[in-house]
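Asker: The primary structure of each chain is shown beneath.
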Amino acid sequence: MKRFLLILMRYSCCLLLVLAAWLMLPDRYSRSSHEANVRLASERIKVAESPKIVLIGGSGCQFGFVSELLEEHFHRPVINTGAHACLGLQLQINLFRDAFRPGDLVVLIPEYDQYSVQVLFSGCLDESMLRIMLSNYPKGLTKLTRDQWHASLPFVPRYMAKTLLHFTATADPWSPYSVESINQYGDETNWENRPAWYKINPHIEHIIDTPYEEALLFLRELKEECQKDSVTLLLFPPALAQSEYEYNTAYIEKLQTVLAENSTPFCAQPDRYCLPDSLYFDSYYHMIYEGAYKRTEMVIEDIEKNLK
Amino acid sequence: MLFNSWEFGIFLPVVFVLYWFVFGWLLRHNKHQVWWQNLLLLIASYVFYGWWDWRFLLLIGLTSFSSWGTGWLIAQAVSENRIRAAKTWLGLNIGLNIGILGVFKYYDFFVLSFCRLFGLDPSSALLHILLPVGISFYTFQALSYSIDVYRRKVEATKDIVAFFAYIAFFPQLVAGPIERATSLLPQFLRPRTFDYSEAADGMRRILWGLFKKIVIADNCAWYVDMVWSNYISVSGCTLLMAAFLFAIQIYCDFSGYSDIAIGTARLFGIRLRENFRMPYFSRSVAEFWKRWHVSLNTWFVDYVYIPLGGSRAGRTRTIVNTFIIFLLSGLWHGANWTYITWGLYHAILFVPLIYLGWTKRYQDSATWRQWPLIIGTFLLVSIGWILFRAPSLHDAWSFIYCIGAHIGLGGPLWIMPARLNQLMIAIGLMAALEWCNRNKTHALSTLPGKRALRAAIYIGLTCWCLFNLFAFINESHPFIYFQF
Numbered sequence: 001m002k003r004f005l006l007i008l009m010r011y012s013c014c015l016l017l018v019l020a021a022w023l024m025l026p027d028r029y030s031r032s033s034h035e036a037n038v039r040l041a042s043e044r045i046k047v048a049e050s051p052k053i054v055l056i057g058g059s060g061c062q063f064g065f066v067s068e069l070l071e072e073h074f075h076r077p078v079i080n081t082g083a084h085a086c087l088g089l090q091l092q093i094n095l096f097r098d099a100f101r102p103g104d105l106v107v108l109i110p111e112y113d114q115y116s117v118q119v120l121f122s123g124c125l126d127e128s129m130l131r132i133m134l135s136n137y138p139k140g141l142t143k144l145t146r147d148q149w150h151a152s153l154p155f156v157p158r159y160m161a162k163t164l165l166h167f168t169a170t171a172d173p174w175s176p177y178s179v180e181s182i183n184q185y186g187d188e189t190n191w192e193n194r195p196a197w198y199k200i201n202p203h204i205e206h207i208i209d210t211p212y213e214e215a216l217l218f219l220r221e222l223k224e225e226c227q228k229d230s231v232t233l234l235l236f237p238p239a240l241a242q243s244e245y246e247y248n249t250a251y252i253e254k255l256q257t258v259l260a261e262n263s264t265p266f267c268a269q270p271d272r273y274c275l276p277d278s279l280y281f282d283s284y285y286h287m288i289y290e291g292a293y294k295r296t297e298m299v300i301e302d303i304e305k306n307l308k
Numbered sequence: 309m310l311f312n313s314w315e316f317g318i319f320l321p322v323v324f325v326l327y328w329f330v331f332g333w334l335l336r337h338n339k340h341q342v343w344w345q346n347l348l349l350l351i352a353s354y355v356f357y358g359w360w361d362w363r364f365l366l367l368i369g370l371t372s373f374s375s376w377g378t379g380w381l382i383a384q385a386v387s388e389n390r391i392r393a394a395k396t397w398l399g400l401n402i403g404l405n406i407g408i409l410g411v412f413k414y415y416d417f418f419v420l421s422f423c424r425l426f427g428l429d430p431s432s433a434l435l436h437i438l439l440p441v442g443i444s445f446y447t448f449q450a451l452s453y454s455i456d457v458y459r460r461k462v463e464a465t466k467d468i469v470a471f472f473a474y475i476a477f478f479p480q481l482v483a484g485p486i487e488r489a490t491s492l493l494p495q496f497l498r499p500r501t502f503d504y505s506e507a508a509d510g511m512r513r514i515l516w517g518l519f520k521k522i523v524i525a526d527n528c529a530w531y532v533d534m535v536w537s538n539y540i541s542v543s544g545c546t547l548l549m550a551a552f553l554f555a556i557q558i559y560c561d562f563s564g565y566s567d568i569a570i571g572t573a574r575l576f577g578i579r580l581r582e583n584f585r586m587p588y589f590s591r592s593v594a595e596f597w598k599r600w601h602v603s604l605n606t607w608f609v610d611y612v613y614i615p616l617g618g619s620r621a622g623r624t625r626t627i628v629n630t631f632i633i634f635l636l637s638g639l640w641h642g643a644n645w646t647y648i649t650w651g652l653y654h655a656i657l658f659v660p661l662i663y664l665g666w667t668k669r670y671q672d673s674a675t676w677r678q679w680p681l682i683i684g685t686f687l688l689v690s691i692g693w694i695l696f697r698a699p700s701l702h703d704a705w706s707f708i709y710c711i712g713a714h715i716g717l718g719g720p721l722w723i724m725p726a727r728l729n730q731l732m733i734a735i736g737l738m739a740a741l742e743w744c745n746r747n748k749t750h751a752l753s754t755l756p757g758k759r760a761l762r763a764a765i766y767i768g769l770t771c772w773c774l775f776n777l778f779a780f781i782n783e784s785h786p787f788i789y790f791q792f
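Chains as they are written, first to last, in this note's numbering: chain A, 1 to 308; chain B, 309 to 792.
FYI, nobody ran anything at the bench for these hints, they're computed from the structure. Incorrect hints may have been included.
What the hints assert, rightly or not - Pairs of lysine to any residue residues, derived as SDA-like cross-links and limited to a Cα-Cα distance of at most 25 Å, are as follows: (1) A:Lys2 <-> B:Arg498; (2) B:Lys758 <-> A:Leu234; (3) A:Lys2 <-> B:Thr501; (4) B:Lys758 <-> A:Leu5; (5) A:Lys2 <-> B:Leu755; (6) A:Lys2 <-> B:Phe417; (7) B:Lys758 <-> A:Val18; (8) A:Lys2 <-> B:Asp503; (9) B:Lys339 <-> A:Leu234; (10) A:Lys2 <-> B:His337; (11) B:Lys748 <-> A:Leu8; (12) A:Lys2 <-> B:Leu326; (13) A:Lys2 <-> B:Val330; (14) A:Lys2 <-> B:Arg579; (15) A:Lys2 <-> B:Ala760; (16) A:Lys2 <-> B:Phe319; (17) A:Lys2 <-> B:Glu506; (18) A:Lys223 <-> A:Leu234.
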């Protein structure tokens, strides 16, 4: 029996070592895709001089800005930290919070679901958050809260399996989703490969929900902290495709009221950022060049108004 | 509780530790040690079985109690030479067990078939009872005990705990191998000692069984289910591939279960009979049936075929007897005409072999030169599996028709290439390992190389299983034979 248990123990130890090595394998697809922006943005924000402009939001932010216009207009360095919404709003902010300096302008553009769906606030919807962080920016995992750790652990096995599935896969460099398409600001720029074809799918269940209490509290605290540190925080509504906007108008109006009551109002009317479907490509948040250009101009106008 | 579930991953070590350390080592000087170990196995087996539905326990309890009680009465009557009384008790127990099986498994099928035949409305007569998992397996095991007691092949036991543990022994409870009282019951009555080589081989066997189930059978199931749900509109090559993969699936699913069962039993110092002997390397259908689901086939031979006269009463009688056992075997698998037709199909394949006197050919193991025979047998068996897999006879025929009609519609559907590629590699690996170990009990019996290399192979196979569990976490399929 002793021999049997000893061999079993040795086998288990070897297995654990192999599993640990497996866990360390990066997801190659993630590193070669738009998800790498988390790592690139964290490198850029470290060296950027203040006062700077930091754009924080979901992929709508990454696929919907021409940051060059912002830089030219405000003469400040711009860092677009836009990332997959699955990362969760809380982590998207916490990752870059330490780099906010007095005089900085933080443009926060969460997607609508990130206010109301707990997992899109906390980033534990599936293995995406683990994939993005472990493959691109493992240091950033220190920013996870205890609850986030707890909620993301069940996704570790699936993450590990995906790393093997993606072992030989990399994003096509010509795709708008490739790391090569990310410019020096963090915008996805492969504009010519984004045909405008977005159509609303009437069969999809859309988000009609009440804003999530924890998200509201988090935003309130963030605003207070920014005020204390002389950082300007502007909360923008996301630019949403018209058909989708019309489908969710009731929720968006409700959110607007709740945010105002929370002392964290939108700095612009949400319907101003309701843009024609023809300006989007594969999602109601991902824009073609004309859409991103128009949206950036609108954001510039609204920043001007709010800074006055 | 499924063997390929996390619950079983916790359940097995707990029972192992309790069995050898608490009830084994601590009670080593206690004269009732075996009784305590049996009690633990009984409780563990009932927890294992009750995990599906606790109500099933009532049924297995009733089957066990009636077989134990009548076994005792049969033995008494036989010893006092009251053969008529012994026959009565035996008949009662067989009637009760077959009655339970009939009500739970076949009642709705026969009522439905009868009503369809005469154009009656069956809705008010159907019972819609939930089929208890593995009912056919433990019922046959219980029946074999009563018959063997009547035949004086085994002594009736007074030890009710040992007997209940024999019927409900969790490794083989829900999908066999169907054990005989002559080989398994005595093992529950004598002290067990831990044997390193048995336990180590048991672990290897569990690993190989899990590999076949998780890596091969479950991935085959994904493809096969997808094709069967839409077989009208896919190409003939896709249908052929689905037919091939189902043949692999059912083998890996069922023999994988048997491997895990045999391996698990060995961890507890108990030996179960072999259920599969590399059946896809058979050179004729007769040889296939000596290698496939051995415990069921020998059961039918011992308790049905031989009492009917076997092959000693002339060729015609042999053919009739062969048809009877194949029909019963088909019916045993399930209450559906597809299973009965599948049994008939195999009986028909047997007829020329009986005429040619080839039923006992090929006692040795296959060689490279016999590959044409092996492939031919595999093809014949695979056609039978289409009948087995089809939801109805109409679907089976349509599937076969579509193979021919759609053969020009292109190559096989190759969706999710990464998944299919790893499946093909796994099937190739299994075939190679089983071919090299075709004279052994399982494919990991003997591996070449040094200890470190063997350890690397075991860890590699474990990681392969984990990868599939992790990647397709929501797709775990129950073992096919649980439904029987």
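Asker: It remains to establish, for every hint, whether it holds in the given structure.
Answerer: Hint check:
no., hint, in the structure
1, A:Lys2 <-> B:Arg498, "23 Å, holds"
2, B:Lys758 <-> A:Leu234, "66 Å, violated"
3, A:Lys2 <-> B:Thr501, "13 Å, holds"
4, B:Lys758 <-> A:Leu5, "20 Å, holds"
5, A:Lys2 <-> B:Leu755, "24 Å, holds"
6, A:Lys2 <-> B:Phe417, "53 Å, violated"
7, B:Lys758 <-> A:Val18, "19 Å, holds"
8, A:Lys2 <-> B:Asp503, "11 Å, holds"
9, B:Lys339 <-> A:Leu234, "80 Å, violated"
10, A:Lys2 <-> B:His337, "20 Å, holds"
11, B:Lys748 <-> A:Leu8, "24 Å, holds"
12, A:Lys2 <-> B:Leu326, "16 Å, holds"
13, A:Lys2 <-> B:Val330, "16 Å, holds"
14, A:Lys2 <-> B:Arg579, "21 Å, holds"
15, A:Lys2 <-> B:Ala760, "20 Å, holds"
16, A:Lys2 <-> B:Phe319, "21 Å, holds"
17, A:Lys2 <-> B:Glu506, "14 Å, holds"
18, A:Lys223 <-> A:Leu234, "9 Å, holds"
Checked against the numbered hints given earlier, this structure breaks hints 2, 6, 9; the rest are met.
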